[in-house]
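If you want the working numbering, it's the position in the sequence shown, counting the first as 1, plus 9.
Derived from the structure by calculation, the hints contain no laboratory data. Just to be clear, a hint being listed does not mean it is correct.
No farther apart than 25 Å at their CA atoms in a straight line, the calculated lysine to any residue pairs in the SDA-like style are these [claimed, not checked]:
no., residue 1, residue 2
1, 19, 32
2, 123, 91
3, 123, 87
4, 123, 99
5, 134, 80
6, 134, 147
7, 134, 98
8, 123, 98
9, 134, 103
10, 134, 158
11, 14, 24
12, 123, 102
13, 134, 85
14, 134, 152
15, 134, 163
16, 57, 67
17, 123, 175
18, 123, 89
19, 134, 161
20, 134, 97
21, 134, 95
22, 134, 144
23, 134, 74
24, 134, 78
25, 57, 46
26, 57, 75
27, 57, 47
28, 134, 155
29, 134, 76
30, 25, 36
31, 25, 15
32, 123, 92
33, 134, 167
34, 123, 90
35, 123, 139
36, 134, 164
37, 123, 86
38, 134, 107
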Amino acid sequence: MATIKVRKHKLNFLEKIYLPEIFRGMWITSFHFFRNLAFHFLHAIGFKQFRGAVTFQYPEEQRPLALRARTRHRLTQREDGSPRCVACMMCETVCPARCIYIVATEHPDPNIEKTPASFDIDLGKCVYCGFCVEACPEDAIRMDTQILDIASYSREGMFYNMDELLHPERHGDKILIDPKLPK
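Construct the entire structure; sequences and hints are all you get.
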């Protein structure tokens, strides 16, 4: 193989001192600042069609999410309250992070072959790819809770069992999701 020698072009005086680029960066920043300031001023005096950049004051004010956003997992239930999951292990198999753990057992109803004895998800490992939702033939697992706050002080706090997945709206004393979501 031949070695190719690449020559760099010589910088001129303005390129060496970087002043034109500094002024260009300051011009772009000031343009956006004054444009947003003008939009906020016009919005404040009554022109509702003008709206500047918006900041959400995070803990008090939640950012609106799209309905298709992949948020914390939940298990759906049958009419009798049992999980819809039939422990087919499809979600556990397709998971690239290997964060889903299912232990199957016999279901008392002879029409249903299996049911999960335990269904656990380690959200500390989860990459929120949504493959588990796509692979589920029973529509038993969904990622539509609109819950983004899953932080924990320990690894054990990121480990969700079947009860926490069946009832994601219960988190401490407050209800986190809309109870009108389809079960």
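Okay, the hints, checked on the actual structure:
1. Of the supplied pair hints, the one linking residue 19 and residue 32 holds, its CA atoms being roughly 22 Å apart against a limit of 25 Å.
2. Between residue 123 and residue 91 the CA atoms are separated by roughly 12 Å; this keeps the pair inside 25 Å, and the hint holds.
3. For the suggested pair residue 123 and residue 87, the alpha carbons sit about 14 Å apart, so the restraint of at most 25 Å is met.
4. Between residue 123 and residue 99 the CA atoms are separated by roughly 13 Å; this keeps the pair inside 25 Å, and the hint holds.
5. Of the pairs offered as hints, the one joining residue 134 and residue 80 holds, with about 14 Å between alpha carbons and a cut-off of 25 Å not exceeded.
6. Between the alpha carbons of residue 134 and residue 147 the distance comes to roughly 24 Å, so the proposed pair stays at or under 25 Å and holds.
7. Proximity of residue 134 to residue 98 is assessed by CA-CA distance (about 18 Å); at most 25 Å being required, the pair is judged to hold.
8. Taken as a hint, the residue 123 and residue 98 pair is honoured in the structure, with Cα atoms around 11 Å apart against an allowance of 25 Å.
9. A threshold of 25 Å between alpha carbons decides the hint, and for residue 134 with residue 103 the separation of about 14 Å falls inside it, so the pair holds.
10. For the hint pairing residue 134 with residue 158, the CA-to-CA distance comes to about 15 Å; that is within 25 Å, so the pair holds.
11. Between residue 14 and residue 24 the CA atoms are separated by roughly 23 Å; this keeps the pair inside 25 Å, and the hint holds.
12. Restraint check for residue 123 and residue 102: satisfied, since their Cα atoms lie roughly 17 Å apart, inside the 25 Å limit.
13. Taking the CA atoms of residue 134 and residue 85, the gap is about 22 Å. The hint holds against a cut of 25 Å.
14. Of the pairs offered as hints, the one joining residue 134 and residue 152 holds, with about 16 Å between alpha carbons and a cut-off of 25 Å not exceeded.
15. Distance check on the hinted pair: residue 134 and residue 163 sit about 13 Å apart at the alpha-carbon level, within 25 Å; holds.
16. Of the supplied pair hints, the one linking residue 57 and residue 67 holds, its CA atoms being roughly 24 Å apart against a limit of 25 Å.
17. A distance of roughly 17 Å separates the Cα atoms of residue 123 and residue 175; the hinted pair therefore holds under the 25 Å criterion.
18. A C-alpha spacing of about 16 Å is found between residue 123 and residue 89, which places the hinted pair at or below 25 Å, so the restraint holds.
19. Proximity of residue 134 to residue 161 is assessed by CA-CA distance (about 13 Å); at most 25 Å being required, the pair is judged to hold.
20. A hinted pair counts as satisfied when its Cα atoms are at most 25 Å apart, and residue 134 with residue 97 qualifies at roughly 21 Å.
21. Of the pairs offered as hints, the one joining residue 134 and residue 95 holds, with about 24 Å between alpha carbons and a cut-off of 25 Å not exceeded.
22. The straight-line distance between the Cα atoms of residue 134 and residue 144 is roughly 19 Å, inside the 25 Å bound, and the hint therefore holds.
23. Simply put, residue 134 and residue 74 have alpha-carbon atoms about 23 Å apart, close enough for the 25 Å limit, and the pair holds.
24. Between residue 134 and residue 78 the CA atoms are separated by roughly 19 Å; this keeps the pair inside 25 Å, and the hint holds.
25. Under the criterion of a C-alpha separation no larger than 25 Å, the hint pairing residue 57 with residue 46 is consistent with the structure, at around 14 Å.
26. Restraint check: the Cα-Cα separation between residue 57 and residue 75 comes to about 23 Å, which is no more than 25 Å; the hinted pair holds.
27. Distance check on the hinted pair: residue 57 and residue 47 sit about 13 Å apart at the alpha-carbon level, within 25 Å; holds.
28. Of the pairs offered as hints, the one joining residue 134 and residue 155 holds, with about 19 Å between alpha carbons and a cut-off of 25 Å not exceeded.
29. Distance hint between residue 134 and residue 76 is fulfilled; the C-alpha atoms sit about 24 Å from each other, no more than 25 Å.
30. The straight-line distance between the Cα atoms of residue 25 and residue 36 is roughly 20 Å, inside the 25 Å bound, and the hint therefore holds.
31. Simply put, residue 25 and residue 15 have alpha-carbon atoms about 20 Å apart, close enough for the 25 Å limit, and the pair holds.
32. Among the hinted pairs, residue 123 with residue 92 is consistent with the structure: their alpha-carbon atoms are about 11 Å apart, no more than 25 Å.
33. Restraint check: the Cα-Cα separation between residue 134 and residue 167 comes to about 9 Å, which is no more than 25 Å; the hinted pair holds.
34. Between residue 123 and residue 90 the alpha-carbon distance is near 16 Å, which keeps this suggested pair within the 25 Å criterion.
35. The hinted pair formed by residue 123 and residue 139 meets the criterion: a straight-line CA distance of about 23 Å does not exceed 25 Å.
36. A threshold of 25 Å between alpha carbons decides the hint, and for residue 134 with residue 164 the separation of about 10 Å falls inside it, so the pair holds.
37. Taking the CA atoms of residue 123 and residue 86, the gap is about 15 Å. The hint holds against a cut of 25 Å.
38. Our distance criterion of 25 Å between C-alpha atoms is met by residue 134 and residue 107, whose separation comes to about 8 Å.
In summary, the structure agrees with every hint in the numbered list given earlier.
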